[in-house]
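*Asks:* Letter by letter, the chains look like this.
There are 2 protein chains.
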Amino acid sequence: MKELEERIRRDGIVEDGDVLKVDSFLNHQMDVELFRAMGREWARLFAGERINKILTIEASGIGIACVAALEFGVPVVFAKKSRTRNITGDVYHVQVPSFTHGGVSDVIVSKRFLLPTDRLLLIDDFLANGAALEGLTDLAEQAGATVVGAGIAVEKAFQPGGERVRAKGVRVESLARIKSMASGQIEFC
Amino acid sequence: MKELEERIRRDGIVEDGDVLKVDSFLNHQMDVELFRAMGREWARLFAGERINKILTIEASGIGIACVAALEFGVPVVFAKKSRTRNITGDVYHVQVPSFTHGGVSDVIVSKRFLLPTDRLLLIDDFLANGAALEGLTDLAEQAGATVVGAGIAVEKAFQPGGERVRAKGVRVESLARIKSMASGQIEFC
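Top to bottom, those sequences are chains A and B.
As numbered in the working numbering, residues 1 to 189 make up the first sequence, in order.
As numbered in the working numbering, residues 1001 to 1189 make up the second sequence, in order.
Check each hint, because a few of them may be wrong.
[Claimed, not checked] Restricting the straight-line Cα-Cα distance to at most 30 Å, the calculated cross-link-like pairs of lysine-lysine (DSBU-like) are:
no., chain 1, residue 1, chain 2, residue 2
1, B, 1081, A, 111
2, B, 1021, A, 81
3, B, 1111, A, 21
4, B, 1021, A, 111
5, B, 1168, A, 81
[Stated by the list, open to error] Take a look, some chain B residues computed to stay more than 12 Å from chain A by CB distance:
no., residue
6, 1001
7, 1018
8, 1036
9, 1044
10, 1047
11, 1081
12, 1084
13, 1094
14, 1103
15, 1112
16, 1148
17, 1172
18, 1186
By construction, these hints were calculated from the structure, which means they are not laboratory data.
The structure displayed is predicted, hence computed values, not measured ones.
Note that beta-carbon positions come from the ideal geometry of N, C-alpha and C, so glycine has one too.
All chains should be modelled from the sequences, with the hints used to inform the complete structure.
*Replies:* Shown next, in the form of structure tokens:
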């Protein structure tokens, strides 16, 4: 998606070779008009797929997912990072390794909000190693729901997550795919 | 706002006398069309106030804030609950007591995204004891930004937060104000 690629070129900041900061428009300060354009693009790509719900993960997926959901006319469910070790039986639960903070997050979603009849679009801001997206896929599988596909804002195509998730048969639509950002130069696929 | 009150009556669940669960439409599963109607109501209430940015706090404020921001034509900044104890100098920082999880959260926002010229609308899903809203007000003050007001979805008017924040001169517009929910019966103000 040209608009997102141009924005990343203009406002993205490359740090330490493989960290891309897009916090001025994507995941700290958020340009909701850009999110609307992204939502329209996913709605075009997944037209006719009878998506009835969007599943995302806190925190930075939520804003993108909610604005995109307006274009689909469906509700959003966000998987929560649990702050207690006390996981009850009324939730689906998965452990997601965190590369930003280290360690593992317990990620949960209420069983009331993921159903076997659901046709889900997964949405997240980044796809790099694939841990968050695989966590969402796992939660959907526990519920017996159908994963129609995943809408990703920025995919670091030089990391293995995208390939691994696609190899499992998940359709992944990333609106900007970064081939390389060596020496601070961002190249898209 | 009638639409939100009716939804709370229909789908809200009162637990233990003073816990209101609205997780089927507000803060776990999210009805984005309802959020759009809420955004329009805040845009009407704050018309002419030259709001240029919305400030919210992760996680459950983000979806409401992003959809509402489309009605204002402004970006959103969300304050982050820090997962490290290592708070650097490039952020504004406040400690917010958590009544749901116990303890205190370190809440931060990048100094790049709150400016003295900003005219802020604060948005959150709940106002009860006022801790989160006071945290956001504090962050805005650190930046020298102007708080035009706060848009709250559900205020528990029988708890002291709303009164305390209003006493500081903040205009608070809560779309549903609950007077009492003793014995499971929800009464609005």
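*Asks:* All hints are to be evaluated individually against the structure, with a verdict given for each.
*Replies:* Hints and how they fare:
no., hint, result
1, B/1081 x A/111, "26 Å, holds"
2, B/1021 x A/81, "18 Å, holds"
3, B/1111 x A/21, "15 Å, holds"
4, B/1021 x A/111, "15 Å, holds"
5, B/1168 x A/81, "33 Å, violated"
6, 1001, "19 Å, holds"
7, 1018, "20 Å, holds"
8, 1036, "7 Å, violated"
9, 1044, "19 Å, holds"
10, 1047, "19 Å, holds"
11, 1081, "8 Å, violated"
12, 1084, "7 Å, violated"
13, 1094, "16 Å, holds"
14, 1103, "9 Å, violated"
15, 1112, "7 Å, violated"
16, 1148, "18 Å, holds"
17, 1172, "23 Å, holds"
18, 1186, "20 Å, holds"
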